[in-house]
Amino acid sequence: MEQANDPIVRFDGVQKSYDGETLVVKKLDLDIARGEFLTMLGPSGSGKTTCLMMLAGFEPATHGEIYLNGQPINRVPPHKRGIGMVFQNYALFPHMTVAENLAFPLEVRGMDRATIEQKVNRALDMVRLPEFGGRRPAQLSGGQQQRVAVARALVFEPDLVLMDEPLGALDKNLREEMQYEIKHIHERLGVSVVYVTHDQSEALTMSNRVAVFDDGVIQQLAAPDVLYEQPRNAFVAYFIGENNRLYGRVEAIDGDHCTVRLDDEGASVRALRVNVEGVGSRTTLSLRPERVQILGGEQAADNVMSGRVEELIYLGDHVRTRMTVAGNDAFIVKIPNAHGHAVLRVGDTVKLGWAADDCRALDPPTGEREPV
Amino acid sequence: MATIAPATEGLTTADGVSLKVSLARANARSRRRALLLVLPLLAFLTVTFVLPILDMLYRGIENSVVPETFTRTTAVIGQWDPDTAELPPESIYEAMVGDLKEAYASKSLGSAARRLNYDLPGVSSLFRKSGRRANRIEEGPYKDALLKIDKAWGEPAIWRLLHRESGAYTASYFLAAVDMRYDEQGDVAPQPEYRQIYLRLFGRTLMLSVVITVLCLLLGYPVAYLLATLPLRTSNLLMVMVLLPFWTSLLVRTTSWIALLQTQGVINDLLVLVGIVSDDGRLQMMHNQVGTIVAMTHILLPFMILPLYSVMKTIPPSYMRAARSLGANPLTAFVRVYLPNTVAGIGAGSILVFILAIGYYITPALVGGQSGTLISNFIADHISTTLNWGLAAALGVLLLGIVLALYFLYDKIVGIDNMKLG
Ligand SMILES: Nc1ncnc2c1ncn2[C@@H]1O[C@H](COP(=O)(O)OP(=O)(O)OP(=O)(O)O)[C@@H](O)[C@H]1O
Ligand SMILES: [Mg+2]
Numbered sequence: 190m191e192q193a194n195d196p197i198v199r200f201d202g203v204q205k206s207y208d209g210e211t212l213v214v215k216k217l218d219l220d221i222a223r224g225e226f227l228t229m230l231g232p233s234g235s236g237k238t239t240c241l242m243m244l245a246g247f248e249p250a251t252h253g254e255i256y257l258n259g260q261p262i263n264r265v266p267p268h269k270r271g272i273g274m275v276f277q278n279y280a281l282f283p284h285m286t287v288a289e290n291l292a293f294p295l296e297v298r299g300m301d302r303a304t305i306e307q308k309v310n311r312a313l314d315m316v317r318l319p320e321f322g323g324r325r326p327a328q329l330s331g332g333q334q335q336r337v338a339v340a341r342a343l344v345f346e347p348d349l350v351l352m353d354e355p356l357g358a359l360d361k362n363l364r365e366e367m368q369y370e371i372k373h374i375h376e377r378l379g380v381s382v383v384y385v386t387h388d389q390s391e392a393l394t395m396s397n398r399v400a401v402f403d404d405g406v407i408q409q410l411a412a413p414d415v416l417y418e419q420p421r422n423a424f425v426a427y428f429i430g431e432n433n434r435l436y437g438r439v440e441a442i443d444g445d446h447c448t449v450r451l452d453d454e455g456a457s458v459r460a461l462r463v464n465v466e467g468v469g470s471r472t473t474l475s476l477r478p479e480r481v482q483i484l485g486g487e488q489a490a491d492n493v494m495s496g497r498v499e500e501l502i503y504l505g506d507h508v509r510t511r512m513t514v515a516g517n518d519a520f521i522v523k524i525p526n527a528h529g530h531a532v533l534r535v536g537d538t539v540k541l542g543w544a545a546d547d548c549r550a551l552d553p554p555t556g557e558r559e560p561v
Numbered sequence: 150m151a152t153i154a155p156a157t158e159g160l161t162t163a164d165g166v167s168l169k170v171s172l173a174r175a176n177a178r179s180r181r182r183a184l185l186l187v188l189p190l191l192a193f194l195t196v197t198f199v200l201p202i203l204d205m206l207y208r209g210i211e212n213s214v215v216p217e218t219f220t221r222t223t224a225v226i227g228q229w230d231p232d233t234a235e236l237p238p239e240s241i242y243e244a245m246v247g248d249l250k251e252a253y254a255s256k257s258l259g260s261a262a263r264r265l266n267y268d269l270p271g272v273s274s275l276f277r278k279s280g281r282r283a284n285r286i287e288e289g290p291y292k293d294a295l296l297k298i299d300k301a302w303g304e305p306a307i308w309r310l311l312h313r314e315s316g317a318y319t320a321s322y323f324l325a326a327v328d329m330r331y332d333e334q335g336d337v338a339p340q341p342e343y344r345q346i347y348l349r350l351f352g353r354t355l356m357l358s359v360v361i362t363v364l365c366l367l368l369g370y371p372v373a374y375l376l377a378t379l380p381l382r383t384s385n386l387l388m389v390m391v392l393l394p395f396w397t398s399l400l401v402r403t404t405s406w407i408a409l410l411q412t413q414g415v416i417n418d419l420l421v422l423v424g425i426v427s428d429d430g431r432l433q434m435m436h437n438q439v440g441t442i443v444a445m446t447h448i449l450l451p452f453m454i455l456p457l458y459s460v461m462k463t464i465p466p467s468y469m470r471a472a473r474s475l476g477a478n479p480l481t482a483f484v485r486v487y488l489p490n491t492v493a494g495i496g497a498g499s500i501l502v503f504i505l506a507i508g509y510y511i512t513p514a515l516v517g518g519q520s521g522t523l524i525s526n527f528i529a530d531h532i533s534t535t536l537n538w539g540l541a542a543a544l545g546v547l548l549l550g551i552v553l554a555l556y557f558l559y560d561k562i563v564g565i566d567n568m569k570l571g
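One line per chain: the protein sequences are A and B, in this order. Counting in the working numbering, the first sequence runs without a single skipped number right up to 561 at its last residue. Counting in the working numbering, the second sequence runs without a single skipped number right up to 571 at its last residue.
Next comes chain A alone, as it looks inside the complex (with noise of 0.2 angstroms):
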């Protein structure tokens, strides 16, 4: 029975290896709700695409099973699961016109003629190309072509839509501008999306819940905001914004905060406790550049540490800068342009200050492998 608050996908522990030695993708446990927009983000080879080509049906799982709907579907084959698809270079058929592309979905599915008329034109209308009809894929600009591929996906009217970065060819502005047209799609049709991507702010704008991948294995799966804020682990905490780490070694645990001896200067700082085993394991410190303050003559905060500065660079609203705190030469710290901010130069020690909430003690470092 197919249910309004049943996923629309679940894995169930699949696993993926092309070659028979190494594991692509670990270990997916992965429930994508009805109606959602949920993205996959990860570095290059981390395993995004082939969740995607898993789910199409182009690559079949070494273990474990998909469902769609409720339905195991690990021999459906890809025609018959009724799956939309977006690639990155679009893959529209040059033979064919723009309409001839919209109509091919509808065609093998031996609709009649003037419903396929119709639901073209529909499709042509959603995404703003009425006229645009009777030319060839290569007459087209690329937001033009992309635009008609994510026509071409929807226009047999699937309840699920992989897009595999379909943004990847464009420039930024154009960018930009298919997010928010997409994002609208997605509203407006109630669909499914699954999307790929490996740019974090395009993850952030247009999704409910993000699925962030490293090496075959899904690190976190949050909304935007709660992976900003509350990142589980190192990777995610680097890979999600920008954020200062710093390297100690839990000294005390006192509920949900810890503190934490640093390895440089030997400074005791207080921390979030997220992600540490216990009192005497080495911990990664992650602060967000915003979070840091710069500390006048009063001020006080739950930490205040010094720091010397190395490098501004102005960016209209705010200055950035870099300075060495606790033996870190790339800490940085971003300093809103308003009244009242003291001006800084090179070379000048100043006073920084955060709260024990917003530094979150993560998984130690592994040393062998740094997040890249």
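Read the hints as simulated data drawn from the structure, not as lab findings. Wrong hints could be hidden among the right ones.
What the hints assert, rightly or not - Label-pair ranges, simulated between beta-carbon atoms:
#	chain 1	residue 1	chain 2	residue 2	range
1	A	310	B	174	48 to 56 angstroms
2	B	368	A	210	31 to 39 angstroms
3	A	310	B	562	28 to 36 angstroms
The model shown is predicted, which means the values in this text are computed figures rather than measured ones. Ideal Cβ positions, reconstructed from N, Cα and C, are used throughout, including at glycine.
For chain A, the structure is supplied; the task is to place chain B with the ligands on it using the hints.
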């Protein structure tokens, strides 16, 4: 950007020269350089390709041997009206006797006689005989003297032939090449049934070429597909196997087909061994069309595979995936998406194989036998055996014409620009 010339006066460069002029100058320089680079090849092609073709065209209509040998006769034969039943006047007979004497003495009569014999079989011996005896004719009436040597001199057909072929050019080679001739009355008419060979031969050549092209396409398409889609290591191996025939001599390949196909050959032995055919029911696979088709298909296959492969390699796998994800089963996806994208390769491969097949020579000569030889074998035969170069040239020109016509047709239907040779 100090001044901007008004648009009506045209733009100029910084030193005041008109923009168009200096652009043309710059382009001319690079054109000259390009010309210089291709000049050696151009010269080579002119000598080895263009000139022979022009020469062939000319030989197909050239007829100087007749007016040069029968100088006197051709000068006066215009006085006689070939449409009447009367014989030419005495003056023409006199001219002929003079020509015969001179040609016999300078030994040029033989080639002229052979030339006229193509048009009217049998006249060769008449001229030779008359040449030998013409010396004895001292004085007129020359008509009676010639008639005494051979009664054939009293037939208007001979004189009509001379009248018709007295010019420096002739159409008779081309007529012969399409199984036509001038009849007794000098009108264009079809050859008698038993002498009609060339049209049938052209037909057979075209038909066999089509069969070979279709076979190459059917056999080559899947191979090209595999080449384009298999992982690199496997496809490299396959590519070597496709190219292997290129590194083997054509003659070796053809003779190995003889070893395979002949009645006592490998295939027949195998069939007999397995018991599919009896020992005295051995299949005739050589010295007929089967031999030509099998051997030529094998030899021309790479010319189909390579253009197909080069087109298929440019088709991203995502096209087929997109078609499948849109709901097309594998067959529909192939027919509606993959196949149309390979049309350029199919066209290029087919036209290449067809044009090569239509002019193929060695293989049909060795394995074709009676029914499997092609037009080019006859052309070669006329050049080396019967020495009828005029007819060989006319046949060659027709063959060239057919190829060009097909090429033109292909351009109209598919478009040469769509062709991809690799
Ligand atoms: N067809 C294949 N055969 C063998 N290995 C493959 C194949 N496709 C992908 N891989 C390997 O699987 C791993 C994951 O690839 P995948 O394409 O899923 O990465 P991705 O996350 O989509 O990366 P990107 O962001 O670069 O697209 C990579 O190490 C890649 O080399
Ligand atoms: Mg990918």
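Quick check on a hinted range of 28 to 36 angstroms for residue 310 of chain A and residue 562 of chain B, using CB atoms only. Check passed, 33 angstroms falls within 28 to 36 angstroms.
Take a look at whether the Cβ-Cβ distance between residue 368 of chain B and residue 210 of chain A falls inside 31 to 39 angstroms. holds, 37 angstroms
Should the hint that residue 310 of chain A and residue 174 of chain B are 48 to 56 angstroms apart at their CB atoms be regarded as holding? holds, 54 angstroms
Violation of the numbered hints given earlier is absent; every hint is satisfied by the structure.
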